[in-house]
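Engineer: Below are the chains, spelled out letter by letter.
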Amino acid sequence: MNRSRGKIRPPRRGLATDHVDFDEYWEVLAQSLREIYAKNASHLSFEEVYRNAYKLVLKKHGDRLYGNVKKLVGEHLQMVAVNDRRTVGTKFLERLKFVWEDHQLCMGMMKEVLMYMDRVFCADHKIPSIYVSCMGLFRDHILRHPEYNIGNALNSVIMDQIKMERDGDIINRATIRACVYMLEGLYETEEELEDQKVYLTSFEKNFILASEVFYQKEGEQLLRDCDAATYLRKVDKRLKEEYSRCHDTLSVLTEPKIMKVVDQQLIDANINDVMEMEGSGLQFMLDNDRYEDLKLVYELISRVDSEKRSLKKKMCARLVTMGKESSATIVSEEKVANNITLVAIRWVDEVLALKDKYENIWERSFDRDKGIQAAMTRAFTDFINDFDRSPEFISLFIDENLRKGLKGKTESEVDAVLDKALTLFRYIADKDVFERYYKKHLSRRLLMNRSVSHDAEKQMIGKFKMEVGFAFTGKFEGMFKDMNISEEMTSEFKRLSQESDNNYKKGVELSVQILTSTFWPVGGGTSDHPCIFPLEIRAVRDSFTQYYLDRHSGRRLDWRPDMGTADVRATFKGKRHELNVTTYGMVILMAFSELSSGGTLSFEEIQTITSIPEQDLVRNLQALAVAPKTRVLIKKPMSRDIRLTDVFAVNEEFSSKFMRIRIGVVATNRAETEQERRDTDEKTERYRGATIEAALVRIMKQRKLISHTELVNEVLTQMASRFNPDLTMIKKRIESLMEREYMERAEGERQVYRYIA
Amino acid sequence: MLTRPEDLSNPPKTGFFSHIFQDRSEIRVKNQLDESEPFQKLCEACRRGDLKTVQDLIVSPGGVNLNAVDRFDNLPLTLASLCGHYEVVELLLESGAVCERDTFQGERILYNALNSRIRNLLLQYDYSQSIDPAQPWAAHITTLLSREPLDTTDIVVTATTTTGLETAFHLHRFMLSAHSPYFRRKLSLPLPTSTNEQNPKKTIRLSQNFSSRAFEAAVKYIYLGEVSAAPSSDKELMANIERLSKHLEIPELWRLLLANTPKLRRQLRSEGLKRAQERMEEWMRENVLKKRVVVRKSQVGQIKVFPGNDSFADVLIRSDEPDWRDADADREAEEEEEEEDYLVHIYPTHKSLLRSEFFTAMFTSPFLEGLPTAPTSPLPIIPLPLPASTLPYLLLHLYFETPTPPPLQHSLSLLYTSDHLFLDRLKSKCAQVIATAPNDLPFHIHDVIRAAWATRAPRLEAFGAKYIAERLEDFLPDPEFAELVAESAGRIKGRQETDTIELVDDIRYYLNERFRMRVEDNLGFCGNGEEVEVEVGEVDRSLETEKGHVYEELLGRIDALLEGLKLDA
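The listed protein sequences derive, respectively, from chains A and B. Position one of the first sequence corresponds to residue 1 (the UniProt record's numbering), numbered consecutively onward. Position one of the second sequence corresponds to residue 1 (the UniProt record's numbering), numbered consecutively onward.
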């Protein structure tokens, strides 16, 4: 026994076994804590107070110590509550702020001297630290005091103050801020969960409710009293105010919630009414380019609807109305004005102006919003396609520019004009109709050599190609190719003729334009355009025909006297003139040159000699005998109209100061007549039918077996860049193909087709 | 020369010192994401093995962080070693890229290395430094410069910048004195007292031969910050630092700057840390421990030490418990101890080195100790509840994190103190000393167990149980032991009938261990699981051996003891 007992020393003095009398130590400690409340800490020794608490915890009195401290703090707070119950208004806020800050300060000090208790006792027993639990006491004894209910009073004072501020008064933000800090620093439970802040649970909810009521009323009132722009500005101001309120007065936690209230009450609920306000709403803003206001509309709507549906809808509606209005005016003007080209250009300019205007708005006010851009495009597409003349008009616009408008412009200017045309082209759904018009206009430019610049032409075609692909521009390019080949052929033919015939120079000089009939919008063959050429001409013609067919066997060459021109030399009063006339004109004049001086020919005689179709003859004679400056023939009786009974003779008295005189035929209006249009439509229909059939067969060949819907969809996608096919048309084509046994219905399955090889 | 007094009286708190604190942890904590253009170039060059570009980027004026990662989490070193560019890898390692084993990135680099030649190279540079026990101390010293949360600086050294302005360095006299022989001599002379009322700190001016940037490097070195020569630093500055390091008599600074490989730098730095500890120890033994004052407790109030003392102390610490006595020596002496007026030791100390939350809270609090000390009033004396002879061991720990463990006889006292002051490292050191003590403890095992409970030291608890188990026969009749068992039972709040008593359980466990040894062999195969082991290793009670008999008897006596205490376990 003594063996080990001897080694065991008496216990260490002081701590381990000393008896610690709780009450004795606590009394000292409590006195110190009271001194802290009395602001006498500077007389207290930290070490002493700390050691007292330390000993109590070490001696397992932690729970009693913890409880006693809480009790002491609780009693102190109750006393404070009693003292403070009578203050009101801002005084109340200031007093509360003071009490809170004092509590925090004192608790901070207590926390430090009780550090050992927090670290050891609280941690071991998993109870909240003394600081946390005393914050809870503040909540229960001050804010939720059963008699004075300071918390509710605080809420209503703060809300009154905010109401005052909203109504334009100046309030003391700092004091409110301090009280909000307090509410934010307190939690419902001692776990101190972030979403359980007293601020959130007791204040914010009420605040949001009150704000909802406030803004609902304000919204109604503003709607009654203000115009749209004022309304928007007021809302914007409110949003900014609430933002700064959350940052300076209340808590940032509230920001999203209060913003939502404003968004809902002031924007979501009323924005449609605001946009529709008579004389100041969206329509007014759009029409008068109110960029600032529109920007506000956009910004505010973005807050409540990321898609901005109502804005898009209303804006597009206005755009379509504007577009349709201008189309309608143009159509009514067209009836009076005789120059359709001018009307077409007016229309295009108006549409472009509209586009510029809206693009400007989009850029300056709508933050280049992609969705709005798409909606605008849709709106343009809608009204442009709604107007059935648009393909023609756009083509005319390009025609006009390529013929005249671009003269003397720099490359970038040309490019800008072409781009404008292209933007409009993009909107056209029926690209095939446009193609038809463009082909027609282009052919006229090429054949009559009216184009300002071939570069510009090519540039335009290049742009089309980029936009819709090769299939669309193939024919245009073919036309250019024809023109080049023709030039080469003309010069080669000339060379050959010179070689074989030394007298060539005295003969007729031929310049040909050989057009591939599928590329060019020229119908009919020789039979449609009968003409008996004079002998000299006939010889050259036959010689060229020979030459051409030798080089290209198996082709057919038709001559089109209705389209060519000729230079004819004539002598009037001893003065030589060179007359540039149409081919028909030349034939007519040649008929006169065979007559003796003073001889006459009647209309019918001319017709017999030349066999030119009556209509063409009338037009040519009009140019030769009626137009005052180019009157090389005279007509009896003198009148503006050509009648079948008229008699013509060479106008010996003709004189002109020019050596070279161009005698143009009174052009048929470049825009279409009703009749022509109907023809064009019909052609378009036919062409479309063929295109659809081709597409159908292509698809069937590839897929062999395909369902109806799939087939239709496939056709729609393939046709999309050219035109919008009509569903019934597709159906009809399918029927027709089945009749002609290109395809059949698969047995047993109604909606499936099979390709018949 | 321009002087800007406002600069001196109100110097920036974070200013140019701030980056010192980042330096230290930067490499080890986490590799930062770097998306700058030079870094991307570096990564690309590492992929391609473009040695020249890598070289150029490393020496480029702005420098480039070699230990950052790209957005795929690749270090330049990872890329270079993955792509097999030996020379690039070597250059990167030479230039300070780190490949540490036992870290995710380090292992990844090694695993990815294209061939074993590169892998061996990487391993050569492996920088897996075990955590230096002096690190926390060094980190503390470095943070002193931030003067947060407590400004303990007591001297201002002004130096001239190259542009002729004055920069003020707020420093600690004891640090300068401890680390620079030059300053030690200089500071031992009386300094002219500052005339500035608001700023009572003494100010000295550094010779204009030395630039403020050179002095900054010296300050960083003394305060154990990271000092390295940026490749861009100009010759003039380097020459200046060289002269300064001679002037201040800290040649190690210059040697460290000359070190041109990371490996050498690391080595010098860790040696430097050791030397700093030694210098601090030497200084504090001379100026703190030797300067102690011994008085009777009743006379403490008469001891007055003023600011301006030779030790540069700004607070006094005194023992506040009667000294520990060898009980065997004299029973009467023990009686004498009962007397209130025992001897206490007072040491002049430095707030900045009392590295404990307890002291930080105390000195920053609005309590008495937290009040600023007027230059004319005596320094406050802080009593600490530990015996006079134990106090120096606390100070040794606080001042330089002494690697020497405290003597066994002081360990128990220090254990309480370290718990009281939240000094966890010291606490575990003490527990370690006691738990590995040879057989004869200088204190009663009951006190060890109680201390273990009080200070929450489970290791010591187990030690105590084992200690008792091994000598159970001696303890069973002791009424104090029964008391201890009862106390252990009381430690579980709201104890149920069926709850165990921790101490008894532990004792039973170690008792089993004590008697188990022999039996184990017979049982052959043992599983890995601990539970299985206990089961298998159970003492075979059926064996009518002497051991088994004694074991049975002891268990029976424990049960009897428990019954006597009306406990059931």
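Among these hints, one or two may not hold up.
Here are the simulated PhoX-like cross-link-like pairs (lysine-lysine), alpha carbons at most 25 Å apart as the crow flies [stated by the list, open to error]: (1) A/LYS60 / B/LYS566; (2) A/LYS260 / A/LYS197; (3) B/LYS566 / A/LYS59; (4) A/LYS60 / A/LYS163; (5) A/LYS458 / A/LYS407; (6) A/LYS683 / A/LYS439.
Just so you know, the hints here were simulated from the structure itself, not pulled from any lab data. Bear in mind the structure is a predicted one, so any value in this text is a computation, not a measurement.
Engineer: Which of the stated hints cannot be reconciled with the structure, identified by number in ascending sequence?
Structural biologist: Of the numbered hints, just 4 does not hold.
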